[in-house]
Amino acid sequence: MKIVLPTKLIIISLFLFSFHFIVQAQENEEILEMPESNSTCLKCHGHKYYSFYNENTELTERKLMNPYLVIDSISYLHGEHSALACSDCHSEEYNTYPHNCELKIEPKLTCVDCHAFEVIASEVKKSVHMEAFGDVFNCELCHDPHSNKLVKSDMAELVQYNNNRCLNCHNDVDKYQIYTTHENPQLIATHDWLPNQALHFSRVRCIECHTAVTDTADAVHHIVPKEQAVRNCVECHSSNSSLRDKLYKHQSKEDRAEFNFYNSFILNDAYMIGANRNSYVNLISLIIFGLTLSGIFLHTFLRIIKRK
Amino acid sequence: MSNNRLYLYPVWLRIWHVINAISIILLGITGISMQFTNLESPLIRFNSAVSLHNFIGVVIIISYSFFFIAGILTGNNKHYKLKLKGLIDRLYKQGKYYVFGYLKGEPKPFHISEEEKFNPLQKVSYFGTMYLLVPVVIITGVALLFPEMIIEKFYDMSGIRLTTFFHSIAGFFILIFLIIHLYVITIGKHPLKNFKSIITGYHEAE
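Chains as they are written, first to last, in our numbering: chain A, 1 to 308; chain B, 1 to 206.
Rather than coming from a laboratory, the hints here were simulated on the basis of the structure.
Any given hint could turn out to be false.
Said to hold, decoys possible - Listed below are the simulated EDC-like cross-link pairs for lysine to aspartate or glutamate, each with C-alpha atoms no more than 16 Å apart in a straight line:
#1 A:K306 to B:E106
#2 B:K153 to A:E93
#3 B:K78 to B:E116
#4 A:K104 to A:E118
#5 B:K83 to B:E116
#6 A:K48 to A:E36
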């Protein structure tokens, strides 16, 4: 079979093109590792089912793992604690199975045993969660230490990741009932006043409206009662949008004036009526509007003069 | 009936015209109010402006569809058909009349008849508004009523941002048209003569 020159060129360039991507993919591939000792725990806690040899019955038994005790090893690897061994936070005694019953009621290591979160702690103290539950409320109810991470790359992913922290309880009847006797919140119904609800839920975080507005970056931990949540659209939909100090806090510093747009940082991902005006377009429309009115006034003036 | 009275605007057209006029004024006010919201002194409360704008948006979709279909059925759309040959010349003549001739008391360059109820400038601006700007504003407006359906990204730009851009620019020019339209109809023997015509349906030839 005779292959003509253009076909050859296409085949060669396709080969080079795909090679380029393979190399690039390899370069981008992060090497993710966790301590080897974790594999002992994840052998059971990394799966929905676990098996063990029961010496009493002399049988290998397969059981269902409590779904709240399943650790997603991929999320763990991508989380900010991936370098930690399970035993860094959990007792070494968990290495034996069946686990000692006493372990369940022993106080656990908490986040503040390693991290100094003074400002956050003082904000959390004022939050509605703390008021309702007191010290039972802790960091890990929102920030699962097995998967917690900072999402910076993609705004949509960041919003979804953040909102899932709230939805973990507020959209899960069973988990919600552990901490409260309230009925499960009807998220869709309580937010039915919000126009384009689905769009709002996917573009902004719950905490945009449900936290107090202050200047510190940690203020997002001061969750306010629902009566105090933002309900006034204009708080965000205006040229001095409060999103500047919340969701787009970091972007707003970098990117303030692309083509003279107000709140231009939002435009990379979305558009917000009221917040994304453009001073050039404003000026041009004012000029056109002014010229129209001037023409009309001049014509009226001439009509009046001529009539006399 | 005297011969210098022409019945140009049938009842359906007058009803449509008044609904269209009121809707466009309200859409303009609510649209501007949403675009220029501010905390201290909102023109109309944002929530109310959004609801009202959406509601009247639906009204204008229905009223435009009616205008479009009735135009075909009654043949009214023939008045909007542009004859390109010599158009510039006719536009120049009519423009010159409005700017100079009318003020000097010269005779009108074009006369209104049942076959030709718009002068060249009216024809072009009415065609541009009703068959270009209004469809753009309606299509983008329907998309913005269901923003979840708009494509997320168009190249590097938010799809909603692009849709809103066309929606507000077309809306702005419709408002400019409205202002000029309201003024130009006062040009006549008597400033209120044309207002009377759109209520009674009869055009009084001069």
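Evaluation of the provided hints:
The hinted pair formed by K306 (chain A) and E106 (chain B) meets the criterion: a straight-line CA distance of about 13 Å does not exceed 16 Å. Distance hint between K153 (chain B) and E93 (chain A) is unfulfilled; the C-alpha atoms sit about 52 Å from each other, more than 16 Å. Between the alpha carbons of K78 (chain B) and E116 (chain B) the distance comes to roughly 9 Å, so the proposed pair stays at or under 16 Å and holds. The suggested pairing of K104 (chain A) with E118 (chain A) is violated, with an alpha-carbon distance near 28 Å, which exceeds 16 Å.
Taken as a hint, the K83 (chain B) and E116 (chain B) pair is honoured in the structure, with Cα atoms around 12 Å apart against an allowance of 16 Å. In summary, the hint linking K48 (chain A) to E36 (chain A) is not supported, as the alpha carbons are separated by about 21 Å, beyond the 16 Å threshold.
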